[in-house]
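> The listed protein sequences derive, respectively, from chains A and B.
Using our numbering, the first residue of the first sequence is number 1, and each one after it goes up by one.
Using our numbering, the first residue of the second sequence is number 1, and each one after it goes up by one.
A few of these clues could be false.
[Claimed, not checked] Label-pair distances were calculated between CB atoms; the ranges are: (1) A:W162 <-> B:L36: 30 to 38 Å; (2) B:S69 <-> A:L160: 17 to 25 Å; (3) B:S79 <-> A:R101: 46 to 54 Å; (4) A:D122 <-> B:T2: 38 to 46 Å; (5) A:P219 <-> B:L92: 33 to 41 Å; (6) A:V226 <-> B:L7: 22 to 30 Å; (7) A:H125 <-> B:Y86: 38 to 46 Å; (8) A:A117 <-> B:S79: 28 to 36 Å; (9) B:W6 <-> A:V100: 28 to 36 Å; (10) A:F41 <-> B:L104: 28 to 36 Å; (11) A:A3 <-> B:T2: 43 to 51 Å; (12) A:T196 <-> B:L36: 18 to 26 Å.
None of these hints come from the bench; they were simulated from the model.
Heads up, the beta-carbon is just placed ideally off N, CA and C, and yes, glycines get one too.
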Amino acid sequence: MYAKTIRAAFISSMPVLMGYLTMGMAFGILLATQVRAANGFTALVMSIFTISGSMQFAAVDMLRNSENYSLLLTALLALMINIRYAVYGLPFLRIFRPYVRPLRWYLIGTLTDETYAIETQDKRHGKDKQIYLFCVAFFDHMYWVAGSVIGAVLGKMIPLAWTKGIDFAMVALFIVVLVDLCREKANHIPAVIGGTVTAGVLLICLQICPGHINKILLPAMFLVIVILLALKKKLSDREVLQ
Amino acid sequence: MTTHQWLMIAVMAAVVIFLRAFPFLLLSGTKRPPALLFYLGKVLTAAAIAMLVVYSLFGVLDHSRSGWSNLPPGLLAGSVTALLQYFFKNPLVSIIAGTAVYMLLIA
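Put together the whole structure using the sequences plus the hints.
Right, dumping it as C-alpha cells:
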C-alpha cells in the first residue's frame with residue numbers, strides 16, 4: 001500500500017548509499033587497524049548508536065590512546081565536535097511532535113548531515129510523510145552500519161607488518177572532513193583558529209612540560225572556544241554566518 | 001576492548017543522542033533557541049576538526065622518538081590528501097593516496 005512511498009524513499013537515499021558505504025568502510029578499516037582490540041562487533045555497536053562520521057573517526061584516535069582520555073574529556077570533545085546537531089532538530093520540532101514515541105525518537109536519533117538534507121526537502125503530509133521519513137532514516141542508517149562492519153572485518157585481515165605509517169590515515173581522514181567543511185566560507189576562520197591554537201599550545205607545551213603533551217587537547221579546546229566567543233560579533237557581522 | 005573503552009563509546013553515543021534530542025527536550029515549538037547556540041553550532045565543528053588534524057598529525061609524527069624528521073613527509077602527504085579531496089571529492093581515494101605517500105616516504 002505504501003510501496004510507492006518506500007520506493008521514493010529508497011531513490012532519495014541512493015546518493016547517500018555510496019557515500020555512507022565508502023565512508024563507513026573507511027571508518028571500519030581504521031578502527032580495526034588502529035585499535036587492537038576492536039573488531040566488527042565494536043564497529044557495529046558504534047555505528048548503530050552514534051551514526052556520526054566526524055564523531056566516530058575522532059573516536060578511533062581516542063580509543064587507541066584511551067589512557068589519555070578521561071570520560072569527562074571524551075564527553076567534552078564529543079560535545080564540541082557534534083554541537084551542530086543541537087540545532088538540526090529545529091525544522092522538525094512541529095513535524096515530529098505528533099508522531100508516536102518510538103518513531104519520533106528514531107527520527108531524532110538518526111538525524112545525520114545527509115539524512116537531514118534529504119528530510120528537509122520533503123513536502124509530503126500525514127501518514128505518507130511518516131513512512132517516507134522513517135524509510136530514508138532507516139536506509140541511511142543501514143548503509144552506514146553495513147559499511148563500517150564490512151570495513152572492520154576487512155581491516156582485521158590486513159597483516160600488522162604492513163601497517164607502519166598507516167596511522168596517517170586518521171590524519172588524512174580529518175583533512176578530508178576539514179576540506180569538505182571549508183567548501184563553506186563560514187568555516188575558514190574557525191578552522192584556522194582551531195589549527196593554529198592547537199599547534200601553538202603543542203609547541204609551548206613541548207618547551208615547558210613535554211611530559212604532558214597528551215593532555216593539551218582540553219586547554220586548547222577552552223582557548224578555541226574563548227576566542228570564538230570573543231569573535232562572535234565580528235564573525236556574525238561579516239555575514240559569513242547565515 | 002577494555003571497560004574504559006566501552007564506556008568511552010557509550011559516553012560519545014550518549015552525547016550525540018542528547019545533542020540531536022536537545023531541541024525536542026528543551027525548546028517548545030514556539031520559542032526561538034538562543035542565538036549563541038546557532039553560532040557555536042556553526043563555528044565549532046570546523047574548529048574541532050582542525051584541532052584534530054593538528055593533534056593527530058603530531059601523534060603520528062612520533063616526536064619523542066624521531067624528533068621532527070617525519071614532519072616533511074607528514075606535511076607533504078597531508079597536502080596530497082587535501083588537494084585530491086578538493087578536486088576529486090572522493091574521500092576513499094584521498095585517504096588511501098595520502099596514507100600511501102606517507103608510508104612510502106617514511107619507509
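> Each hint needs a verdict: does it hold in this structure or not?
Evaluated hints:
no. : hint                         : in the structure
1   : A:W162 <-> B:L36: 30 to 38 Å : violated (48 Å)
2   : B:S69 <-> A:L160: 17 to 25 Å : holds (23 Å)
3   : B:S79 <-> A:R101: 46 to 54 Å : holds (49 Å)
4   : A:D122 <-> B:T2: 38 to 46 Å  : holds (43 Å)
5   : A:P219 <-> B:L92: 33 to 41 Å : holds (34 Å)
6   : A:V226 <-> B:L7: 22 to 30 Å  : holds (29 Å)
7   : A:H125 <-> B:Y86: 38 to 46 Å : holds (41 Å)
8   : A:A117 <-> B:S79: 28 to 36 Å : holds (30 Å)
9   : B:W6 <-> A:V100: 28 to 36 Å  : holds (31 Å)
10  : A:F41 <-> B:L104: 28 to 36 Å : holds (33 Å)
11  : A:A3 <-> B:T2: 43 to 51 Å    : holds (47 Å)
12  : A:T196 <-> B:L36: 18 to 26 Å : holds (23 Å)
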